[in-house]
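For the sequence shown, the residue numbers in mature numbering (1 follows the signal peptide of the UniProt record, and there is no 0) are -29 to -1, 1 to 140.
Do not take every clue at face value.
[Claimed, not checked] Below, a list of computed lysine to aspartate or glutamate pairs in the EDC-like style, where the Cα atoms sit at most 16 angstroms apart:
no., residue 1, residue 2
1, Lys95, Glu109
2, Lys104, Glu132
3, Lys95, Glu132
4, Lys124, Glu23
5, Lys111, Glu132
6, Lys106, Asp77
7, Lys46, Glu23
8, Lys6, Glu109
9, Lys124, Asp20
Hints are computed from structural coordinates only; laboratory data are not their basis.
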Amino acid sequence: MKSTTRASGITVLSSTAFVAMTFLPAVCAAEALPKQGAIEATYVATGNDVRELKAGGDDAVYLFESTLLMTNNQKTPLMHNVTARCVEAGFSASSATGYCVYTDKDGDKFVETYSYPGGSTSGKGTLGAGTGKYKGIEGKFDWQQVQVLPADKGSYSYIGEKMGSYRIP
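All chains, full assembly: derive it from the sequences and hints.
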């Protein structure tokens, strides 16, 4: 009885090894970052006021910090399951500019610069300053807030989308 169980265990182990050796390289190859491609990402953003300086009436100069949790709708590795930490400064009556540092599961990073007119829920952004697999990255995209989520006073949460393209030399 023990020898039959042992033989069955070896057969199962051999079958598992065969499947892993046959299909695992294909799964890993699917994760390779294409040198260029579309950006079509959905994200959840949440953030807090860091500092606000009243400038008269309802206008203010502000500093804001946020975190983005990204997923790429095309399931390509660029913005799929990455996080970003962002800092934004602006004047409510004029415009805002911010920077985000994205980090993937391997610890590789790239930087987004974005801007938008005061009071708007959409804007433009660029990608650059990458490390590791993102070294030399360039990209442009449009972003927009899609749905506001509940948040406490002085903070915000929303679902957003980014659409554009990138290139890595």
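Taking the hints in turn, this is what the structure says about them:
1. Lys95 <-> Glu109: Holds - the C-alpha atoms of Glu109 and Lys95 are around 14 angstroms apart, at most 16 angstroms.
2. Lys104 <-> Glu132: Distance ~23 angstroms between Lys104 and Glu132 Cα, so the pair is violated.
3. Lys95 <-> Glu132: The given pair, whose Cα atoms are some 11 angstroms apart, holds under the 16 angstroms limit.
4. Lys124 <-> Glu23: Since the Cα atoms of Lys124 and Glu23 sit roughly 13 angstroms apart, the hinted pair holds (cutoff 16 angstroms).
5. Lys111 <-> Glu132: Measuring from Cα to Cα gives roughly 13 angstroms; hence the hint holds.
6. Lys106 <-> Asp77: Cα-Cα ~14 angstroms, so holds.
7. Lys46 <-> Glu23: Between Lys46 and Glu23 the Cα gap is close to 38 angstroms, so the pair fails against 16 angstroms, i.e. violated.
8. Lys6 <-> Glu109: It holds: about 10 angstroms lies between the C-alpha atoms, which stays within 16 angstroms.
9. Lys124 <-> Asp20: 9 angstroms, holds
Hint check: violations occur at hints 2 and 7; the rest are consistent with the structure.
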